[in-house]
Structures are given as structure tokens and as C-alpha cells.
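Protein chains in written order, with this note's numbering: chain Z, 1 to 248; chain E, 249 to 915.
Quick caveat, the hints were computed from the structure, so don't treat them as lab data.
Keep in mind that a hint or two might mislead.
[Stated by the list, open to error] Under 7 Å between C-beta atoms, here's a sample of chain E residues computed to sit facing chain Z:
1) Thr300
2) Ser316
3) Arg318
4) Arg319
5) Ala378
6) Arg385
7) Gly389
8) Ala407
9) Asn428
10) Ala488
11) Gly523
12) Thr530
13) Gly822
14) Gln829
Note that CB positions come from ideal geometry on N, CA and C, so glycine has one too.
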Amino acid sequence: MKLNLKIWRQKDAKSKGHMVDYPINGIEGDMSFLEMLDVLNEGLINKGEEPVEFDHDCREGICGTCSLQINGEPHGPDRLVTTCQLHMRKFKDGDTIVIEPFRATAFPVIKDLIIDRSAFDRIQQAGGYISVNTSGNTVDGNATPINKHAADEAMDAATCIGCGACVAACKNASAMLFTSAKVSQFALLPQGRIEAVDRVQNMVRQMDLEGFGNCTNTGACEVECPKGISLENIARMNREYLSATTKG
Amino acid sequence: MGILDSKIPTGPLAEKWTKHKNDIHLVGPANKRNIDIIVVGTGLAGGSAAATLAELGYNVKTFCYQDSPRRAHSIAAQGGINAAKNYQGDGDSTYRLFYDTIKGGDYRSREANVYRLAEESVNIIDQCVAQGVPFAREYGGLLDNRSVGGVLVSRTFYAKGQTGQQLLLGAYAAMNRQINRGKIMSFTRHEMMDLVLIKGKARGIIARNLVTGELERHSAHAIVLATGGYGNVFYLSTNAMGSNVMAAWRAHRRGAFFANPCFTQIHPTCIPVSGDQQSKLTLMSESLRNDGRIWVPKRLEDAKAIRDGKLKPVQLKEEDRDYFLERRYPAFGNLVPRDVASRAAKERCDAGFGVNKTGEAVYLDFAAAIQRYGKEQALTQGIVNANEKEIAKLGKAVIEEKYGNLFQMYEKIVDENPYETPMMIYPAVHYTMGGLWVDYNLQTTIEGCYCLGEANFSDHGANRLGASALMQGLADGYFVLPYTIGDYLSNDIRTGKIPTDSSEFEAAETAVKTRLEKLMGGSRLHSVDHYHKKLGKIMWNKCGMARNAKELKEAIKEISELRADFWTNVKIPGNAEGMNQELEKAGRVADFLELGELFAKDALERNESCGGHFRDEYQTPEGEALRDDKNFKYVAAWEFKGEPKDAVLHKEDLVYENIELKTRSYK
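My request is simple: use the sequences and hints to build the entire structure.
Pasting the structure below:
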């Protein structure tokens, strides 16, 4: 198929960016979206132009590296997939596709479609862990039985890949879904309860410091999340936060 | 042969590790604060090592090319992690895990290392549970297990089809805790370009900041490489796009021996190649073989009709299907080890029974499992006289709970619903057993340079069993290296900070700069991908699932010519200052072009078939791998001498004191 791409180009963090039109031919439905960009880049390189830089790595939807706002939606029109799992069969001949980086103050553009998501790392560093040192003498894995439903729910929260689609989908660029996924995972497990009070306060504080906005309660994040992380996690984080701040 | 001292402790097998831990030197808490360690790579091995070393009190710097340590490719591991817990009471033990791993590796790994791995496996599960890794559980609240290829027990712990993700996020969380304490400095979007040696010891690295393009000098008392495997030498593999051999290869060029490069794992259950623009291959977890049955049509005309789209697989009667793994290997059936399953699939496809357009695919079918689970569910839920439809619905729900994310992934890529029609799969490059040679302490042949996880060669011999890569990565990082590195560092408590303005750092940085300039200065004829794809074709066709002397010799010649062409004609747009993804790729492909040749040389030198290394010339009448223990029971460790063709072979003889060498049989 033949497509008209409109792509955000930006030389570096300091420069101003702009949209550039790139018509492209010979795209097949079986190609992934990123393979389509590979074809574009191969063509640009052969013409002596600079290729469009974009983040990607595992190309199977688990590392969370790829991003891209495609026609206004994080990871494009398909549901429960990352951009690398989006296939061109979702588009039709003659389509215009607008490709931009995820937009958020806390995610500055580095170059073209590449953004800096280190704010997410710093939120995790503030408390996204259980303080247990490595030793060969921790208690046996089966010493504490854990309710299967709680374990499954913790797992569902833990599948967040940290891509940032929730932030990009949100009018306020809120990182509530991301932060609450980790808070929830540990809040649901007995191992995580011990530090629950400090964890939620520290992670929320860092989230605010990074410049993410407040939750809009519109649920766009849940719709766009490639891993289907549920809004319930935000409710749980709010509950945890409230009880943490009132208990002190 | 004095150079290759594996430093295996004396004493009975089961006591070696404990004894060794008691014998080695320690570094006191106050001195640890004065010692710096660099960890390159932040996957399971690097991440767990960095966190543990920082907990102990060392000053750690981590480096990864990704934008966050959480994105290392360990994250893509699906099926699970083995541990000899014997929670299922099905006869598992440390010895049995040890035995299965040695046998699975076709008797080409070190007994002492593998036994230690089996011993530590149980600690990994305890540690990860304590960290809050949400492993799958049974209704009673205890940990659930499943089985993978090559074993007869259920010892695999898992978190849906995302075990690697959960374990990596556990290690990442442990790292974050230390970053927050200031004990780890994390350098993301950085690539190690060279290793710096001072008086023969590894004392630092030259790293390139991938955002600014600047070269940086970092010093430390020891360097840990945990940078994964080199499967991308094949261009198409299940590795991440950025996975590369640069750090290990740079260390090799500085004196670290590279062991068994030809031992590569071709994984049987991957989604087949669909087109020329394909950039990578996607794995379908081995755990699927617990419930999926692998087959092709019995008759050639049926296979042809399926390829032409005239016949659908579900229309083919049971008696017209050839469940070739169950037929050839009744004892292990669909759960034979990966090398065996891959070769069997290739054999059927080569004989004309392949089922996709290109004839390079076999079926992985869940219909029988859906029926079985459906009936079981109907019974437990008290549904009397359930009809076909109800049973199928109940069965599909069970399959969805177990493998939902994999089925979804398959459907997105192939555009077919695997609940209704069998999956199509074909083998693809997945893992590399070879890697930097290390001794029992995980030290390379360069003093102070350690290597962990997939990047080293040590535990999987010629074939790795499923759910063992995660086990090795975490055992190395959490439980082995933190002990053994202390022994080495105990000599460094008076050394003080290593300065980065020495002539050695200066020379290394200049060499990196020169190399980058040379890459940028090509005649600009072909893109980096052009060369990478060409290399991949040579590797897949001549060094792939079956190899022979004639083709390996051709491969050596072709790769060497391709390398020369690359250095003269490669085209990299932009410049070396600032972010330049083409330049990053070029540096990695340049190293693959050297490694690829050594790979072929190693395969040519090993005149036997073992595990994933299958030489056409050496097979039994039934087409199974024919090992030659008399002549090849050794680790091939290559010393760099300028060009891959000049590499010098050193042999580490493998001694089996506890296991009798046998012909591997899964029949």
C-alpha cells in the first residue's frame, strides 16, 4: 500500500521540532509499524538523508522501549498492543499517518521521536521495591501461602512495561496509572505490606516532583495501556495514600 | 595448557561450593566502601549482581544501552525458571537438576559449575518471593510449577508467560533501592566501547554516551560483563534489536578467551518468517509444549494442499496427521529438548511436509488440550452431560489463563486465532551457549574481568534446557559472583581509586575514537543493515541448524570478504557527535562480522555433533547427533590474535567424575 507519513523531526533537545511529510510505497499488511519505519529509513539513508530516530528494542511488546503517538493515540489504533506489535494491516492504502513522540513535560524529546522517560525510573527509585537484601537464607518460598486471587491481581498490576502510554494518553500527563501499578503489586502481597505506608508516600511525592499532572478520572490511560492495567489500581493507590497520610 | 585453569575446588561434588565459600578471602565492610565495581549490562545477571554488590557495600556503576535498566532483554523470557525445590514431590532433587542439565547440554559443560547452579536454584525462588515477584500460585496459596523440555519432573516456577519480566523487574527494584541509597550510579543510554587494562588487570571501560556521542572514561577495581548473547549475528533472531556482542568482543580483543562460539540454540517454537522486511522473530514459549502437540500432515499431497490454501489443518483427520515428536521420542514426546525438537521440525520441512507458504512451518495444536481441560472443568464444576461447545468453551478458558498473552501475541502477528486453528511455528535463533570463557569464579582470562549470564559459556554445554537461562543469570548475579569477586578484591583494599588520566585510558580512548572515525569514513555505498542481513544469511544457511565442513569453509571466506567490504563501503549518515542510531548499529555489526567468522571456524574445528551443534557428517543412522567424546570432550577457548582466522585454540578438558557419559536419548 501507499501511505503519506507526517513525522515529527527534531534535531536535539534544544532545537525546535516540526512535522515533515514522507510519502511511502510498497508497504505490506504483514509488516509491523516499526518495520514500515525501517523501510522508510532505508530509503532515507540511500538518498543520503538522515533517518528518523525512534526508540525500539525487543519488538515483541514486552520491553516497553517503543512509544510513538500515532494519529493522536499512544501506540496507535489497535488495543492492547505496543507500537512494535501494531501491524500495517490496521491501515489502508492511501492513509495519512501522523507520527509524533509521546507528549508530556516530564518526557522531554531527545531527538525526533525519542523521549527521555527517566522520570519513571526515579519514581521507582523512590520506593518501588521491598527492602530485602540478597542472602541464601531468606525464608522458604512456600513459608507464607498467598491467596491465589491476590497473587493474580498483583501479577496483573506487575505487568506494566513502563512505556509511558498512560501519560501520553492523559490530558494532564498524569503518571497515576504507572505509579499505582507498582504500589498495587506490593500492596496486594503480604511481603509488600510492611513498607506500604512509606512506599506510597515516597512514590507519589516523586511523581509530583517530576511534573506529572493529576488524575483526570477520564480513564484514557486504561484504554490506551498496551498491557490492560486497570484503573482499579489508581483507586487502590488513592486508598493507600489516604490511609498512609492519615495514619502518619 | 596452563593458561586455562578452571580453578575448580577439590573435594566431593556436593561439597565443593560450600568449601570454596569457606576458603576464599573476604573484604571487610569498611574496605568495601573504598572499592569500585563496574557492571556492564543490567539484565538478570547484571542487575542482580549490581544490586547485591551494592548491598554488600561496594560502589557500583552500571551501564546499559537501553533507556532504563528495566528494558534489558531478559524481560522477554517467557516460560519460567527452574529450581530443585521438589514442591511437587515428583522425585526432583539438586542432583537430578544437575544431571538433567549436564545431559541436556550433551555432556559439554562443567560438572562443578552446574552442580553449584542446581544448589543455588532453590535460593533464587526464596529470594524472588521475598522481593515480591508474583509467581503463579495454586488455590491453596502455594507456588505452582510446570514442566519444560528435556526433563521428567515439574520444577519450573512461572509468572504467566512473563516470568523473565517479573524476575527482571525484581532485580531492577533491588537496583533501584541501591540507586536511591547512592550505592549504584546507573548510566543508561551508554555503550561500552572498550575495556581498559592496567598492568594486565581490567581497570576500566571507555563508554559512549549515546545521547551526546561523548566518550567517557570510567575506572573500577573490577569489571563485570553481563551483556547477554550474540544471537543477532544471525540478523534474524528472537533477541532484541539492540542485543549485541560488543562488550564481550572488546574484552576478547583485549585478551579474554571466547569459548565454544558455535554452540547456539535454535528454538523450535517461534513464529515463522513472513517477509523480506522482517526485522526480528518472535518466540512462542516452550511452556506451550506442555499442552500443544506438534504435527505435520502424513501425506505430501495434504501438505501441498495446505500450502496452496486448499485444505485447512482442522479438516485433516487424526489418522492423517504425523505427530512426529511423539512418534520418534515416545518417552519425552513433545517435551524433548530444544535442539532435538528443532532438528525434527527441520527434517520434516526439508522432506516437503511444511505447512506455510514457504514450506517452513509445522503445527502446534491445542485442540486436544482444550478437550482435556474442558472435560476436567465440566467435571469439577458439576456440569452433567456437557456438550461439545460447552467443553470447548471451558477448555479454552483454561488455556487462556495459562497462555493468554502468548495466544494474543500470536494472533496479533499472524492474524489467525490459535484457539480455533493450530499455531504455525518454526525454529529460530534464540540463545547462545558459547561466550567468554570463565573459571569457577566467573573470572575471564583477564584478571579482574568477570563475565555472567548468557555472556559467559559456563553452564549449558552444547544445548540449554528451557527455564535454565533465568536460573543461571540470577544464580551468577545474586549468589555466585558476590562471593567470588570478594576473593579477588581482597587484594585491592590498599589500591585506592584508579585514576582515569593514565596512558592506558588515553590509548584506549584514542583507539575508540579512531575506530568511530573509520566507521564514519566509509565510501558510503551500503547501509549497515545491508551488511547485517548479508551476514545473517550466511550464518543461517551455513552455520545454522545443520552444518558441514564444505559450507563452513565457504562461510569463513564469505564473512571475511563481507567484513572487508563493510569497512570500505559502509554508509553511516550524520556524524559521531550526538545521537546516531546508525553508528551504534555499525559498531555492533562490525563486531558480529568478526565473531561470525570465529563461530564458523569453531564449528569447523569441532568434528562431531553435540547438542545444538549438528554436523551433517556426524550422525547416527536415525539422524541423531553423534558425539565424539574421545576427541572432543573439551571446551574450545579461542585466543584473539588479530584476525579471526588467526585465533589460537586452547582446550579445557572436561572431566566427568560423577556422571557417566552416555548417548543422549529421549526415546
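When the hints from earlier in the document are held up against this structure, which numbers fail?
Violated hints: none at all, because every hint is consistent with the structure.
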